[in-house]
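Undergrad: Each chain, written out:
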Amino acid sequence: MKKKNKEALPRGFMIGPAMAWLALFLLLPLGYIVVISFLQKNAYGGVILHFSLASYRSLLHAAYLKVFAESFLLAFETTVLCLLVGYPMAYIIAKSPEHLRAVMVLFMMLPFWINSMIRIYGWSTLLRNQGVINWILIHLGVISQPLGMLYTDGTVLLGMVYDLLPFAVLPMYTSIEKLDPFLLEAASDLGAGKMHTFLKVTLPLTSPGLFAATIQTFIPALGLFYISDMMGGAKKMYIGNLIKNQFLSARNWPLGAALSILLIAVTLFLVGLYSRVGKMEDIV
Amino acid sequence: MKKTGKMGRGDAHMARRHGFLRRLCGSRIKKRWKALAMAALFSFSSVLAGCGGAGASGDASANSKDVLYIFNWAEYIPPEVYELFEKETGIHVVESTYSSNEEMLAKLIAGKGGQYDLAVASNYVINAMKQQDLIQPIGIDQVTNLSNLDERVLDQNYDPGNTYTVPYMSTVTVIAENTDMAGRLGVSIDSFNDLTNPKLKNNIVAVDDSREIVGIAMKAMGLNPDSTDADTIRSSSTWLKELRPNIKLYDSDTAYAAMVTEEAAVGIIYNLDLHEAMAENDKIQVVQTKEPAAMSIDSFVLCKGSRHQKEAQEFINFILRPDIYKMCLEEFPALCLNKETLPLLSEEERSQPVFTLDDPIVQNSKLIEDVGDAAEYYDEVFSEMKM
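If you're matching them up, the sequences are chains A and B in order. Under my numbering, the first residue of the first sequence carries the number 39, and numbering increases by one thereafter. Under my numbering, the first residue of the second sequence carries the number 308, and numbering increases by one thereafter.
It should be emphasised that the hints constitute simulated quantities derived from the structure, not laboratory data. Glycine included, C-beta positions come from ideal geometry on N, C-alpha and C. Treat the hints with caution; some may be incorrect.
Unchecked claim - Label-pair restraints from in silico Cβ distances:
| hint | chain 1 | residue 1 | chain 2 | residue 2 | range |
| --- | --- | --- | --- | --- | --- |
| 1 | A | Met147 | B | Asp462 | 57 to 67 angstroms |
| 2 | A | Leu185 | B | Ser454 | 49 to 59 angstroms |
| 3 | A | Leu185 | B | Ser542 | 34 to 44 angstroms |
| 4 | B | Ser542 | A | Leu148 | 50 to 60 angstroms |
| 5 | A | Val141 | B | Gly490 | 17 to 27 angstroms |
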């Protein structure tokens, strides 16, 4: 046991601000959402102070389940692509000389200084029929008609992967960087080929990073809605759109709140699942 | 109805995108944080107010007598008008914006009054605002420039005698087509039913608004577009299913861009976007359909709890002045309701389609009516179209 440090500040003083912050900005709004999810909707927006389970009952509508299924599918595809593209990226960065690593990470983070909606809008100017890519291809004679890339499911996926990739690369990078090079040498000494070493040594030892990357892309991917609005032409409804609509156009706040709670529950479940396989510290 | 954009005088495209970006990074992000901070400190109920709740907090320190808080559509009154107003009267205007009537209602209800003085609302939400006690009589006898407005938009059934509302501008949802592209596709449009022509597959840009799109479906089917009957509204989903494959994108904010860049051959867009698109792409024309277009009158309303009634009246008089109204129109060319402004405009401006009340499409158009609780069925049908 450590000796108690008498010069330490009182505990309340140390953790007080953080707790107050959490209470004000997390617990209170969350509590508010929970409360209104159990109330009755007002025809003009807002709620009537009357207990009701109607919003939870309507969660079971087939249409909403379909929206959830679509959102999960998109989040799943986004995550898989982020891992497939991100792992080699993380590997290359981690194996680069030390002075280059910081620069490479910086370059990856640099776009984050710009609001992500603006970056997504930039993509649409690249991809549209009269955009840069089609213009180049047509002038090179590769195609005669514009490719019609914008406002498809494919561009939505592209936008999602683009937006979330750094969240996948960073934890994997940390994980790969921590990997002890002596273990790889030992594997090679014992006669393992490159592939064998990767599958039996590198991959298992960097799996915490992979899990962290999965969580960090899958969960935000579930809630993002502006990418499908801006790059997909708002043609498909995802959970995020559905929740936004309940508050801003359907005048059904309790349902919006109930949907949010369902989303939070799913997220917590996933994080719980993760905490059984991975270490929570790897996420941060 | 959603208002957007600047008139294409040369660099309108850039200017508009500028406005778009400004809206994205400026208001959404910053205001949400401000809203959160306010909510935490003052009231729980404004947590959900998001952007709106805190909009007016910017100039809290200024003398309350000299500040006017306006809650307005994004890009509907040019900032120069506010500057000029301050120069002439000393009253500083703080504007917060929204992009749909529903958003405005939700935020006013969440905010519980007092944070805005003037709002700009479409005719079909005026009743809801009265019922929810969100607005108060404007003091119409002090609005002397009311006489500048065309009588045809005054004394409407939603507000007899204009006790609560003073019209600003009007928008009409029209069908626009790129004649080249439509010709290539072999389509010609003269009724809403032509919009479901399979040849138009993936070629329509449409406003992202349940009342507008479901309204078009109902008119095409010969139903009342302001029905409040759930089954009638739901029956429009068969028509919407036919329209669905033809929609390339929904966009209320920058619909004109999809027309200008020829992403879409046909647009279901606001006349404001039509004017902008026509200025930048001469192949774009408006189509007169046999069904009436949907029109809405956007009016100034005085918010409940406002302590600046005098300043609000002064501002309304100012903006209805022919020269000031002209400034607004040149920046945001919706429908001109100010008969004293018309003589100040050039012949070219006046002859734009869907720009004055005498235009045949406008004459044939129909005001969108309040549907009360039935709004949710419209949203339901529209949402299902996207599922």
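Undergrad: State for each hint whether it applies.
TA: These are the hints, each one checked on the structure:
1. Met147/A with Asp462/B: 57 to 67 angstroms: 60 angstroms, holds
2. Leu185/A with Ser454/B: 49 to 59 angstroms: 56 angstroms, holds
3. Leu185/A with Ser542/B: 34 to 44 angstroms: For Ser542/B against Leu185/A, whose Cβ atoms are near 38 angstroms apart, the range 34 to 44 angstroms holds.
4. Ser542/B with Leu148/A: 50 to 60 angstroms: At 53 angstroms between Cβs, range holds.
5. Val141/A with Gly490/B: 17 to 27 angstroms: 54 angstroms, violated
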